[in-house]
Structures are given as C-alpha cells and as structure tokens.
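Q: Bring the two chains, given one by one in their own frames, into a single complex with the hints.
Letter by letter, the chains look like this.
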Amino acid sequence: MSARPILEKLAVLADAAKYDASCASSGTVKRDSTDSKGIGSTEGMGICHSYAPDGRCISLLKILLTNFCIYDCRFCINRASSNVERARFSPQEVVRLTLDFYKRNYIEGLFLSSGIIRSEDYTMEQLVEVARILREEHRFQGYIHLKTIAGADPGLVALAGLYADRLSTNVELPTEAGLSSFAPEKKPETIRKTMASVRVGESDAIEAAKSRLIGKAKPPRFAPAGQSTQMIVGADAALDDDILKTATNLYSGYRLRRVYYSAYSPIPDASLDLPPKRPPLMREHRLYQADWLLRFYGFERAEIMEGARGGMLDLAIDPKLAWALQRREAFPVDINRAPRELLLRVPGLGTRAVDRIVSARRLGRLTLGDLAKLTASVKKLLPFIVTPDWRPGRLTDSADLRARFAPPAEQLTLAL
Amino acid sequence: MREVVLETPGDFAEWRNAARRLLADGVPPADVSWRDGGEGASLFGDAAAAASGEKISLPRELVEIADRAICHRDAETPARLYRIVWRALRDRQLLARTTDADVDWLRKADKAIRRDIHKMHAFVRFRRLGEAAARESFAAWFEPSHRILRLAAPFFQRRFYGMDWAILTPDARAIWQDERLSYGPGGTKGEVPDRDIVEDQWRTYYGAIFNPARVKIDAMRSEMPKKYWRNLPEAQDIAPLLAGAEARVERMREAAVSMANPLTDKWRTRVRDEPTLTDEIETLAGLGRALDRCTRCPLHCDATQAVGGEGPKAARIMLVGEQPGDREDLEGKPFVGPAGQLLNEVLYDAGLERRRLFLTNAVKHFKFEPRGKRRLHQNPTTAEIDICRWWLDQERRLVQPEVIVTLGASALRGVTGKSASIRSMRGTVHELAGGTKMIATIHPSFLLRLPDRARAEKERQAFVADLALARKLVA
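Top line first, the protein sequences correspond to chains A and H.
When we follow our numbering, the leftmost residue of the first sequence carries the number 1, and every step to the right adds one.
When we follow our numbering, the leftmost residue of the second sequence carries the number 417, and every step to the right adds one.
Check before you lean on any hint, since a few could be wrong.
[Stated by the list, open to error] One-sided excerpt, in silico: chain A residues whose CB lies under 7 Å from chain H:
no., residue
1, Leu7
2, Ala11
3, Ala14
4, Asp15
5, Ile39
6, Ala52
7, Arg104
8, Glu137
9, Thr190
10, Arg192
11, Ala196
12, Asn249
13, Ser265
14, Asp370
[As the list claims (entries may be wrong)] Negatives, chain H to chain A, calculated, CB over 12 Å:
no., residue
15, Ala440
16, Ile591
17, Pro601
18, Gly602
19, Ile654
20, Ala730
21, Asn760
22, Thr797
23, Thr844
24, Glu847
25, Arg865
26, Glu873
27, Asp882
No lab work stands behind these hints: they were computed from the structure.
Idealized CB from N, CA, C, for every residue including glycine.
In isolation and in its complexed conformation, chain H is listed as follows (with noise of 0.2 Å):
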C-alpha cells in the first residue's frame, strides 16, 4: 500500500504530480491510500515547481474535468479521480461511458464543481474600502461549498481590472492589486468592512423589481440556496417582501379606478393625424404615406411595411415587379435585395441608368411562409395582384410613363388585369389604354433559380434584349 499526503487539498498540481508518480511506478488504484495533509502547509502554486515523473497523455477533457474535479470537498476525491486515470489509460472511450460509475461520479462532481463556481461569480458582493484613495479598492467575504477560488478568481481579473479587489474564503484568499492577482491563506467575514453605502440602492432596487402578483419561493431557492443568504445583503429583505407580497396585490385589486391624471391631455399633445385613404392623391410622397396604411388585403398583417414604387415622377420608363422579397420587405424600397442587384447588372448592360427609371411591384406587401429563421417567398394570388392593381394605377396615373415593363407574370397581371404567359407576350411592343407601351418579359429572379449556366445566360441575354427594347422607344 503506497500513502500519498497532499499538502494543500484541492491544488491540481500537487496531485497530478504525485498520480504521475504513481502511474510510473504502475501503482494500481487498490493500492493507494490519499490522505489530507496540513491543511496549508504550502500555497497554491509552489507545487508545480517540482513536477516530476513521465509526462502522461490523456484526453484534454478528462484533464480538464479533474483539474475541476480535484476541488471537491469529498474526501474520496483524490483517490477516485487517480482510478478513473489509470482507467482512462486502458479505456480510451471510458469518458462516453456515461452509465459507468466513476464516470457518473466525474460529471456529478464537475457540475457540482461549476456550479459552484457559477455561483461565486454571481454572489460574491464587493465592499468598498476607504474613499481617499485614487485607485478604488474593494474586499468581499464568500464561502464557497468547495476549494474553488483559484478557478473563481481569474473571472474577477477579468471583469475589474481597473480596481483592486480582494476575496476572502475560509481556504484562502485573492488578491487582485497593482494589476497583479496573488494568493494567499484563508481569511474571516471580520476582516471585510460590515457595509457599504451603496447597499441602501441595492436593496432599494431589490425590494422595487419584485412583483408581488407573481411569488414563487421556490423557483428563488433553487438558483439562490439559502446556504448564500447570509452573505448577501439583500437577503435580508426577502422576509418583509414576502409578508407584504399578499397585502399589496389585494390594494391594487380593490383600489377603484381613480380619475385620470388630469395631466393626460397636456402630456398626449401629440396624438398623431390619420390621414385617410383618398383617391385624390397628388404626389408619389403622399401616395407613400396613403400605402402605408393599406388595409386592402390581409397581407398588410405579417409584412413589415408596405413598398412603393421608387423613381422620379418625369420616368418615362416604369419597371413593374412581382413583390417586395426578404430584403425589400426590411428595408422599405423596390429591389434591393438579390434579384435587384442582379437587376442592376441587366438594367446596366441594356444601357439603361436605374436612377432615370420608377422601379415598382405589382402587390405591395411582402407575401412569405414562416420557416424556422427564415421567411419563404410566396407567389400571389391572382386576388391579391387584383386588389393591389389600385395603388399601381395611382402610380400609373402620378409618373404617366411612355413604357412599361413587366417582369414576370404577375407585373404582366397586375398592369394587364389579365393572366396570360409571358412567352406568348414576349418579343413584341404592346399598346395599352391610353397609349402607354408595354413589354412583357421575365422576373431577374428566374434567372437566379436557373441551375443550368449555359441556359441562364441565354435567358439573360434574352432579357437584356428586352430592356434595351423598352430604351429604344423612348430615344
């Protein structure tokens, strides 16, 4: 039987020197005995000096759990982290094994570890010391439930490196100063200041966010055990908030509703105008704040805003789409997204400048299917394009354009109020009531769902040919 003393309980480099030694020397687990030395007797730290014996390859996550694993206050600790080691050499799966008994033991004592851990970031509660000095400097009494400040402290590094703290355990204690963190023995609650100033605010503020109407005890203990209470100060108030919890909801459900606040009226000046809806809109801007409001159909529910046509009022030439997508949707403005920017490129090839010409979408709302993160573009309906036709006849009616372009069936429905294929309408100007100029041709977004190359580049040059159509009659 070989007898191992660990001189500070809970330092990883101390025991893993010592299980480096052991394994050297092939000491099966059986014939060890672990024992607590003095509590102490060295800090943190000096033991990883002396490493010493073959270095031991194993897993990085099995040495990361025990470098947790070791700072659990169960005295079996050492001897059953140095089983599942000499285990894990044999094993190479043992940490998947997550029905074996040791390794069941490993994972309950590493989230126990963590946990702990996790609540010493949460409740450790600074006190300032002094008020003179340029540098604050600040001190904290905690108890964790086991020997985890060396894992706890970097955090506090971390988050307040512009101050100089100071955590106090019943094991040891850190120090964070002169941007330097340094350990040293435990301590007692004594040596921390007994209040601060800004514990008053803190209370105030624990007591204020409280909802009475919703008390639910043991949803609190359970994130918030009882064993923190005492070093938190507004535990304290948790008592007299409960014991008044009931009293006050039962005031708001009596209280009779009392009188408005005879400010409401001076303070609500700004109740904002409805503009109606009117057939007697003169300018594209109040055609926009008329579209805004559309209620015509229910696609208005789910689309984030309506989008209008954009382009001067003298275009000559108005370029119909089907509807706003994902982008335009978000954005507020016609073909923006990626079949606009594909659009750009065809509109530049057939020699014509996007700033000169009213870009539009037969339906003004964004019609999609929810999927998951993402929005899926829906086709209209024949419904939806017929109701929608007004707003694109105001626009007709504001730019009066010479040419108008669809693209894809749905502009050839919304301007035409017929359904008919494109390729039937292709190729050929045709002359609507009033003598505007149509050409009908395709969506830039069928190009983009083209999977064939050669194919999609026929289609394009097909399109470009038809834009530059739509260029030749106004010239």
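Just chain A, with the same shape it has in the complex (with noise of 0.2 Å):
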C-alpha cells in the first residue's frame, strides 16, 4: 500500500476531511520550542495560513489516516457502502507531511480524524501513536487537535489528551432519531459517553493541578484547547430548536468549547435519501448567531425561540433582532445609562462595541455621532436606542420595522 505516491494518498485523504469545518488552532496554552530546541509554537491566538475559495481558513492539516470505514452512516463520503476512493496513511507518512509542512509555516499543526478501521479501540491507537511520535520523537510544539473514536476505551481517550491540545467528537445529527436512521452504528450514549471521558480527564487534570505539592513536578496538562463537536444541519429534518437544545446541552454537561454547525453539502456517491441541493448556508450562519447569542451576549435558548417560527430560526434576519423584533417593550435602551447586559441585547451591538461605549461613556455623554466612530453602523441601531440626540419615537413600534432590516423579496425567475 505504501507504494503509492504520498500525492495521490494526500488527495484522497484530505477530501474526504473536509467536511469537517472545524480548523480552529485557538484557546491552548502559550509555549514555543526555545526550550526544546525542536519546532512548534501555540500562542493562545490561532493562525489562519491561507484561506480556500470556499472562504474557510486553512490553519491546520486537515487529513484523515484512512478512510476505510466499517460503519455505515449515510450522510458520510467514506462509510462502507460508498464506491469512493481508499487510502491509507502510515503514522510515520502523517508525521513527515505535518512536520514538512509546518517548516515551511503553511500550518499551525494536525487535525488528524480517521475512519474506523477494525475496532475502535485500535483506530483510537493509531492516531494516538502519530500525536506521540510528533511529540516524543520530534518535540513537535505546535497544535494537535485529534478526533476521539466514539465508543474507543477510556485509557486510549486519557492519552490521546496527554498529546493533544483539543480532542473532539462528533454528534453528527442533533437528535437521536437522526443518528439512529442515518448513523445505524454510531449511539448517541456511546457519543456522550466518550465526551464525559474527556470531561472527566480535563477536570481530573485541574484538580491535580490544584492539589499538588510545592516542589513536585507539574502534572500533565489534558487537551488544554478542550473539546469541541460537529452537528451536520439540513441532513435530516431536526428543527433548529432541537439542534440548539443539542448544544445547549453539551456546552452545559461537557463544556465543550465550540460546537460547529456544518450545512449538509452533497458528496459524491451520495445516498439516495439525503437532499442533492445546495448547502443551507444561510440556516448554517443564523445558528452559529445563536450560538453566540447563548455564549457571550447571555441569551437562553427560550429567549432566542422566540424570534422563532416553528422551531426554525428567521433566515432573513438575525436571531437578535427576530427576538427584538418580539420584545419591542424592552426598547428603546439609553446608550448612557444601560448596564451592559442591557446594551448587549441591542440589534446591531456586538460585544466588542458595547465594551467600547462602557468605557468612553465614563468621559462623557456619547450622541450618535460618538457612537459612528464606536460600531460598525449606527442605522440598525435607531429604532432601538436613545441618545442626548436621537429619540426613536413610534420607530420602535412601526409595524413595518422587519421590513427595514429583511433583505427584499427575491423575484421569481420564469423559466422560459
């Protein structure tokens, strides 16, 4: 097998990674390689290297060690029954490319995921085994993020958190009717379970921190960049209510630091049930927004429901007008005199700009002028805020406020 050139094995085994969105380098401990004298370096930001034409950054090495898989999930290019290409990477083959292409400062470092081959335990090995030989033989620094087998034993979970500086396991689909129908294989017990190891592991590791004697030497660290997941949205028919039910669940029971929402994109060699369009990027986008909404501008998942119809999110509007939009009683909001929870509540104001009014409002009364120079765009702002000079009046009731933000109706193309 390894006579095939490493071209043709790279061109299997990336494509059939990406349809995992997550290439974040972020959020892991600052070291560097002066001390080993090796190379690698983590500086708590992560680096895009470049960016594809799809618009998503490349900052890792985004490859899978194989995509052989004996599970069968339908939305997935590699399971079984699918007639794609198969190849397969020898640990030693992904450490040269990961370690070639990090001297050549095209990457922050490995994501490496794999399909499942012979158990889960020994898929689990394998990846273990090229995160040690980077670490261990190489003194590689720089970023690791590997995939966690579902279902793999706890022990190989523990160690792959020794290597790694994020560990994730995919959910898949939001609910377990989903999972059960298009995932025959994977069980969302086996899915969480595998989650709460890592949880237990990272938490296990603080506490030791915490409890250790002076002098003794520093315990290991676990995947300081914690754990993440990804949900495949548009596959099946759950709601976006269920979706981030899902999430909220999962930030609260495994703290998990980033759940990714990936909008279905049709494969090659698809299954007959899954739908041959176009990915909703749009429903992708408004879901990350209430994701933001639930984690940095305090929002309850019932809050962001109610903006809601039927369970979906408004895809003409963001979540935080569609719930403004419900909640005109709580507006205007005085720039000056709102504490910060309340401004962050404001359509238009992202936490970064509320920061910025906090601190200049201590100098002095800001008007909209003021306010141009601190937020990207003051219009969408104005039927929701009062300044020394700016009173909304009945803008904040007009019946037409949706319109104002909605982008126009598209026109029907005829088709001729």
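A: Right under this line is the structure:
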C-alpha cells in the first residue's frame, strides 16, 4: 500500500476530511520551541495560514489517517457502502507531512481524524500513535487536534488528552432519531460517554494541578484547548430548536469550547435519501449567530426561540433582531445609562462595541456621532436606542420594522 | 521650527529619543517638522545606545501602541505620535477618549499594524535551501504593508528555534542562525529559491480541502487579500479551482446513485448485536447492559448515561439515593460527586465500609436544566421515580439485601411506591414485603445545602445514627 505516491493519498485523504468544519488552532496554552530546541509554538490565538475559495480558513493539516470505514453512516462520504476511492497513510507518513508543512509555515499543526478500521480502540490507538511520535520523537510543539473515536477505551482517550491540544467527538446529527436512522452503528450514549470521559480527564487534570505539592513536577496537561463537536445541519428533519437544545446540553454537560454547525453539502456517490441540493449556508450562519448569543450575550435558548417560527430561526434577519422585534417593550435602550447586559441585547451591537461604549461613556455622554466611531453601523441601532440627540419615537413600534432590515424578497425568475 | 530627521523610518528607539529631546525642550508639536532620512542609513538597534533626554513617564499602553504604530508607512506617523504623546502628558485619560480624532487615528494605525503582523505570521512561506546540511535551513521572501519585520520576527524565532531561517523583505531582512536573531538590509525576491519540492504537496492539499459546493470568494479575499497572492504558492490554483467548481458540484448532483460498494458486508462484520430488555436478567452485569439502553422515560435523551447500582451482589445493606448528579452522570458511577464524598465520611463515622454496601439511586438518569456552562440538578417527578422503579426492583431482586436505607424523599418513594415525609418515617425500622427491613433518612446533599453550621452538625449526627442503626440490624 505504501508504494502509492504520497500525492495521490494526500488528495484522497484531504478530500475525505473536508467535511469537518473545524480548523481552529486557538485557545490552547502558550508554548514555544525555545526550551526543546525543536520546532513549534502556540500563542493562544490561532493563525489561519491560508483560505480556500470556499472562504474557510486553512489553519491545520486536516486529513484522515484512512478513509476505509466499517461504519455505514449515510451522510458520510467514507461510509462502508460508498464507492469512493480509498487510501491509508502510515503514522510515519502523516508525521512527515505535518513536519514538512509546518517548517514551511503552511500550517499551525495537525487535525487528524480517521475512518473506523478494525475497531474503535485500534483506530484510536493509531491516532494517538501519530501524536506520540510528533511530540516525543520530534519534540513538536505545534497544535494537535485529534478526533476521539466514540466508544474507544477511556484509557486511550486519556492518553490522547496528554498529547493533543484539542479533542473532538462529532455528534453528527442533533437528534437521536436522526442518528439512529442515518448512522446505525453510532449510538448517542456512546458519543456522550466519550465526551464525558474527556470532560472527566480535564477536570482531573485541573484537580491534580490544584492539589500538587510544592516542588513536585508539574502534572501533565490534558487537552488544554478543550473539546469540540460538529453537527450536520440539513441532512435530517431536525429543527433549529432541536439543534440548539442539543448544543446547550453539550456546552453545559461537557464544557465544550465550540459546537460546529456544518451545512450538509452534497457528496459524491451520495446515499439516495439525502438532499442533493445546495448546502443551507444561511441556516448554518443563523445557527452560529444563535450559538454566539447563547455563549457571549447572556441569552437562553428559549429567548432565542421567541424570534423563531415553528422551531426554525428566521433566515432573513439575525436571531437577535428577530428576538428584539418580539420584545419591543424592552426598547429603546439608553446608550448612556443601560447596564452592559442590556446593551448586549441591542440588535447591531456586538460585544466589542458594547465594551467600547461602556468605557467611552465614563468620560462623557455619547451622541449618535460618537456611536458612529464606536460601532460598525448606527443605522441598524436607531429603532432600539436613545441618545441625547436621538429618540426613536414610534419607530420602535412601527409595524414595518422587520421590512427595514429583511432583504427584499427575490423576484421569481420565470423558466422559459 | 525644529526639524528632526529620522535615519531609519520605523525604528522606535530613534523616534523615542528624538521625542524625549523635544519634550525636554518643551517644543510644542506644531513647531516640529519630521523628515525621513536616507532609508537604511543605520540599522535597527544602533540608535538605542544613544538614548538621551529625560525619561518620560507615559501610560504603558501608549508606549506599547506607539512602538507598533511607528512602523506605519504613513509619512505623518512620527508627527502624529509626537502630538499624541504631548497631549497624553497633559491628559491622563487621553487614550480612553475613543471619539478623539488623534486617538481614533492611533487605534486605527495600531489595528492596521497588528493585522499586518498577523498576516505576516500567516503568509510567510519558507523554501528549503539545499538538502545536505545537518541543520535544515529555509528562506522566505515577503512584502509586508508596513515596516513590521522587527515586530514580526520574534514569532518565527519562538516557532522555528530548531532550524535556520531568513526572511527577506524590501526594507530589511531577519536572519536566525546559530541560535541568534539578527537583522540586515532589505533584499530581493531573487535571493530566495524559486521553488520547494513540498509545495506540490501543499497545493494538492489546498485543492483537495476546498469544498466546491460552498464557494465564498468574498470571504476568502477579505481575509487573504490579493496583494499577498503573488508570494503564496497555493494562490495560483484559486482561479482554476473556481472555474471547475460549478461543474464538479453539478456532476455530484447528477450522478446516479451507484450500487453499494461490493465489499460493504465484509467490512461491516462487526454490526453489534442488540441485547433486548428482558425480565430474566440474572447478573448485575447483565442488568447494567440492559440499563444502558433504557428508554422508559425521556430522561435518557439528555443524560450521558444510565448510572446503575454499585457494590457486591452479597451486600447485606442497600443504600438508595435520589438520582445521579453531574459527576455521577459523567463517570457512570453512583455517589462520586460532592454528596458522595460526604456520604463516604458519614459511612466511616457510622462504622460502615462502602465496599461492602450496595449503592444505587431511585432514578438512574441525571435530570437537569442546562444553564450556561453548568447543569442545574432538578428533582425527579413521582412519575419518573415510579417508571424507574422497575430497575430498582431488579436490583433488589438480585442483591436481596437485609436492610435498605433510603436517602431522601425520592428514594423513599422509589422503594415504597408511596410518598411520605421523611420526618414521619424516621427513627423506626420498617418492614417491607418479603421481610426486608427499611430505614428512612435524609439525602447527604441536604447537609451540603444547610448554611447554619451548628444545625448541619446536628443533622449530620442524626444521619450517622440512622446509618449506625442499619449496621446494628445486620450485626
């Protein structure tokens, strides 16, 4: 198998990995190669070394160890019954590629995943082995993200946590019904148990660090960039409400750093019952916005869903605006007096703009002109705010407020 | 009018020394004219030795920003910075005045510089020099928008300590060799090799990781502006990838679904057998496997896993709690969280060994409400307790304890099937059908919630006494 040129295998195994949305290399500890005299560093903030024409960041070498798979998940290009071309890297080949790319400054590190071969444990062992060689034999200090194979032995997961910056286990589909019909071999409880073992590994490492005796060696860190997951959006019948419910459970239960929402995009040799249409990119975008509201804006899921209809977010306007239109009694908000939590609820104000407003208003009352320097666009704010030189009057309650923001309906094109 | 000539534009130390002299002489910003001298007349660092003038105390943040902003190519930069420093000495709040025109300029200039540094960290592409040397060495050609090399180079030192490298820009070059970072004059693209064998692999990767179904050119160009493309080996593939994207997606849509891969069944040998729920479970392990797949009530949807009882089959005392908590849910074992730790201490005081007891819960799945990063415990309903009693009954049937201790009201309901207050049941030994004795007491988490320490200690003593009573019953 190894006689096959590396370029061919790379093409197959990178193509197979591109349906994983995450390419993040941020949120880990700071370290560099000064002490090890090897190569590699992480500086907290990740770096996108390139961008593909799909607008997505390329930060990591994102590949599969192999795309052979004994599972038959119907949404997946690598499912057992697919006729996709198969390939397999040896751990040494992945190590070589990672180091070659890293030394040329193409990447921040490696994101390694794999089809399931032989067993969950065997597959996990292979992934851990790549990380071990990089860390121990090459003193590699760059970023490593390993996929944790749901159902793998917790001992292997613990080992993975010692080498990797981040671990991730994909939920794949947001509801149990979706998972059992599309991924017969995957069990939600197995996925949750694997995430729980990562969470336990993290909290044990934190406890060990707290209770260590003075002078004793520093206990090893466990996946300092935490864990993440991905849900595929639009392949099954799950509603946005179902998706956000699953996300809130994951954030609260397993302290996930990120939940990625990946619009289902057509794959070659697709299964018959999957939508062969364009990926629902706007739906994906609205879900990310809702996710941000949950994590950084103090919103609860139920509040976000007030602006939704039939369990689906409004595609034409963002979820904060949709909520505000249902909650007009909460507006207008006085920019110079409202507490931070209230400012965060104003459509059009992001966390940074709110921070700037809060610090600038200590030195004097802010007018609309001042706001223009602190935020991206004042126009969107107008119906929702009060400043010394602006009152929205009846604008806040006007019936056509949604129409001011929603893009005009597209004219239907007639097929000739 | 004072004229200041800066020999090395972008050198912070040189500008700072000039500014210090001007401030010491009390020269207002309007009376200074700043001018670039010959480019590269002296190199970085040399001017620092000639520090003169009084030290001036400025906000640390301003010094840090000025150190970056001086690299801005805008010819007005030295004058602007001097005016800001002049004003900052008279107005300590200046930097917080985000609506001030000078401060606005400074923030924007700083942002531009930081972005430029970040993009340099991202888009430098090294090419390998020669193959023979023991220590690998690399070189890169890069054209930053501003004079940022000295700000960007330390990153490459931290990252690539174990190899030699040089980064050439039109203004200056940085060289890392023999574990020493040095700077030199600007260079040309021709000094760097025009190819690297690994670039073919990188371009293959770039093409393969692109998803043709999600073309978003604007998103790519806003983060990777065209001005950088000429030094990025992968950028030559953007146009052909885009040109072929629509056709690739169309082929995927139109391709008829093919026959399943003929090897499918061979690969899927390990399709797991689903053991079915059965009333004839004869071992605790078998019970655990069956419990794993319990879907009798909706609690299984959100909890991580069912948490069954733990302890020897021959245990003479069974402790029944309410439901697993956050930690129990994660670990899959009963009484391992804070309440479990407290229980361990109380058991010790009561003279009981945990390993000889059978510990379980009335409800096997964790019921919670997600709130931000935490899961808040919720009491199970009587319906949930009653549905889950089937499992508790199985555990009782297999373990056959002589004494059951119920911890809290939910446990009492789970064991007896009836709701009753603990107070009314406490202190006496009850007899259950079949002759099993039962003692009703509090749940240890009750003690954790008591703010009054004296009361908590009293309750703890009563709890110990209840458990000691159970011990005496089997003595």
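Q: Looking back at the hints listed earlier, which ones does the structure fail to meet?
A: 8, 9 and 19
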